[in-house]
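All chains should be modelled from the sequences, with the hints used to inform the complete structure.
Read off the chains here:
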Amino acid sequence: MTIPLAALHVFCPMHVALDRFGHIKQAGATLHKLGVPQLEGRRFLDVFEVYRPRAVDCMTQLLRTEGRKLHLRLRSGKRTSLKGHLVPDGTGGAAINLSFGIAVIDAVRDYALTSADFAPTDLAVEMLYLVEAKSAAMDASRRLNTRLQGAMLDAEERAFTDTLTGLRNRRAMDHVLTRLGRAEAPFALMHLDLDFFKQVNDTMGHAAGDYVLQNVARIMLDETRKDDTAARVGGDEFVIVMSNSVSCERLSDLAQRLIARISKPVLFDGRECRVSASVGISQSDGTHTDPATILEEADIALYAAKRAGRARFAFYQAGPAEITSMPQNAAAGE
Amino acid sequence: MHGLILRTLQIFTQDTYGYDTWSAIASEAGLENPDFEAMLHYDPAVLEAVLRAAETILNKPNEAFLEDVGTYLVSHPNCEGLRRLLRFGGVDFIEFLHSLDDLPDRARLAVADFTLPDVELRDHAGDSFELRLSGHLPGFGHVMVGLLRAMADDYGALALFEHCGAQGEVELITITLVETAYAEGRDFKLGAGTRVATTGSPV
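Protein sequence lines correspond, in order, to chains A and B. Under this note's numbering, the first residue of the first sequence carries the number 24, and numbering increases by one thereafter. Under this note's numbering, the first residue of the second sequence carries the number 2, and numbering increases by one thereafter.
These are calculated hints, taken from the structure and not from any lab test. Do not take every clue at face value.
What the hints assert, rightly or not - Looking from chain B toward chain A, a few residues come up when the C-beta cut is under 10 Å (computed):
#1 MET2
#2 LEU5
#3 ARG8
#4 LEU83
#5 PHE89
#6 ALA126
#7 GLY127
Said to hold, decoys possible - Restraint-style ranges between C-beta atoms, simulated for each label pair:
#8 B:HIS137 with A:GLN61: 26 to 34 Å
#9 B:ASN34 with A:LYS221: 36 to 44 Å
#10 A:ARG98 with B:GLU180: 41 to 49 Å
What you are looking at is a predicted structure, and each value in this text was computed from that prediction instead of being measured. Glycine included, C-beta positions come from ideal geometry on N, C-alpha and C.
Take a look at the structure:
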């Protein structure tokens, strides 16, 4: 059975029929919409470039592609790419059916094609449907993911925060120390412990104690820089981690200011709450950076400061005998 | 219960009556969180609670509320993406009606876990059709009536729709087509919308 050429117009709106010289005898209606001024009478290979298989530049070679998939593109205009499939007509000519393949999405937009430009059996319209449906669904999923990511960040934020004071918590401090240790970066660590806090709690109640802790947190945030980490790591214990190397003078200054401000009595329900603070300081030069060791050294320095009397601070130095402790007049801090 | 359905009711209410009305419905329905996620699943009882609450707060029968939802899905600018997807069903209204049989499959193609009731179109003499919807989704038939009315407008066709009630889980809609090319209809270009995104409304 041979299919009359006229039937091709109905079944294949993107076909071309070629004579034995490779000239276009007829072309389907949809091909006429691709912005090529004249199709009939022109040499097929002048209008379309076959780029796979390679080296197809005459009718003889074109006929040899029978049974293979042709990759073509328009030589003019948008250079739209097409897929093709050739069948010889038995008299030296051939019919080639074309389709846009994956380029259909751009093609319908570029040439303002409608459903009527595709054969009813062509899946082009279904493919366009699918592309739009999937991009809308993906969009909805992406929005959900963004919201979930926001919620996750919030949750992480909360998990790193001490809910009473708004400072970072022990987990956050561990996290920062691990990061600094891994980066082998120099940093300084202050371990601050409140003096007389237990008395405030015992005599004036937990609300007063909480108020004192919140006040201490405010002072710490006030005195530290944005890049420093101020954390409450226990009932009345605080740690400040300062990344980058910090001079001993600055550390001493900071410790003195903290102790002075914390030692100022605060009013709660009209009654004075008096605490002070002791501070132990250790430093890492970036070569010995085990967080646990630095924390332990700050701890040793803190106890040295406590032993020497309250409201003092001390630097850790290798060997317990070398720990120095500087007296600090709490009341005259300002 | 797919979040798309609940999210649709939320977005429709917000766009039509404002966020405060939606908040009132959500609290009347006892929802902990008034915002539905289109891509999550919910307890089926939530839909019933929301519909009951909407009836109370809007002081409007659910049938009318759901028909409005259907119309909104096609005609509101926020739902342009969905209108386009429906228009892919056919070049004219009759072809579109015949494509309704594929509606649940098309919905599933877009969102794999989204199940709609089965839809079956029956051709009767002349220009009358019967649409049978079977599956458990309370109110789906009324949404479809609103949606079909709006789609007829979209194609420029003149047609009458009637919801003939439900028998068990089967709802019947009769459609009488008066004229296919009654008015101009709205524009639809195949290649216009590959970047169109719906604002959390169904696909």
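- Query: At a threshold of 10 Å, is the proposed contact between ARG8 of chain B and chain A supported by beta-carbon distances?
  - Reply: With a minimum Cβ separation of about 9 Å from chain A (threshold 10 Å), the hint on ARG8 of chain B holds.
- Query: Quick one: are HIS137 of chain B and GLN61 of chain A within 26 to 34 Å, going by C-beta?
  - Reply: This hint is violated: roughly 60 Å between Cβ atoms.
- Message: Against the range 36 to 44 Å, how does the distance between the Cβ atoms of ASN34 of chain B and LYS221 of chain A compare: consistent or not?
- Response: 43 Å, holds
- Should the interface hint for MET2 of chain B be scored as holding, given a Cβ-Cβ cut-off of 10 Å against chain A? 16 Å, violated
- Message: Assuming the hint says 41 to 49 Å, is it satisfied by the Cβ distance from ARG98 of chain A to GLU180 of chain B or not?
- Response: Holds - the Cβ-Cβ distance for ARG98 of chain A and GLU180 of chain B, about 47 Å, lies within 41 to 49 Å.
- Task: Go through the hint on LEU83 of chain B and say holds or violated, using the shortest Cβ distance to chain A against 10 Å.
- Result: At about 8 Å, which falls below the 10 Å cut-off, the nearest Cβ of chain A leaves the hint on LEU83 of chain B intact, so it holds.
- Does the nearest C-beta of chain A fall within a distance shorter than 10 Å of the C-beta of LEU5 of chain B? 8 Å, holds
- Query: Does ALA126 of chain B pass the interface check with chain A, least Cβ-Cβ distance below 10 Å?
  - Reply: Status violated, d = 25 Å.
- Quick one, is the PHE89 of chain B hint okay against chain A at 10 Å, beta carbons? At about 4 Å, which falls below the 10 Å cut-off, the nearest Cβ of chain A leaves the hint on PHE89 of chain B intact, so it holds.
- Does the CB of GLY127 of chain B sit less than 10 Å away from some CB of chain A? Given a least distance of 25 Å, the restraint on GLY127 of chain B is violated.
Violated hints, in rising order: 1, 6, 7 and 8; the structure is consistent with all others.
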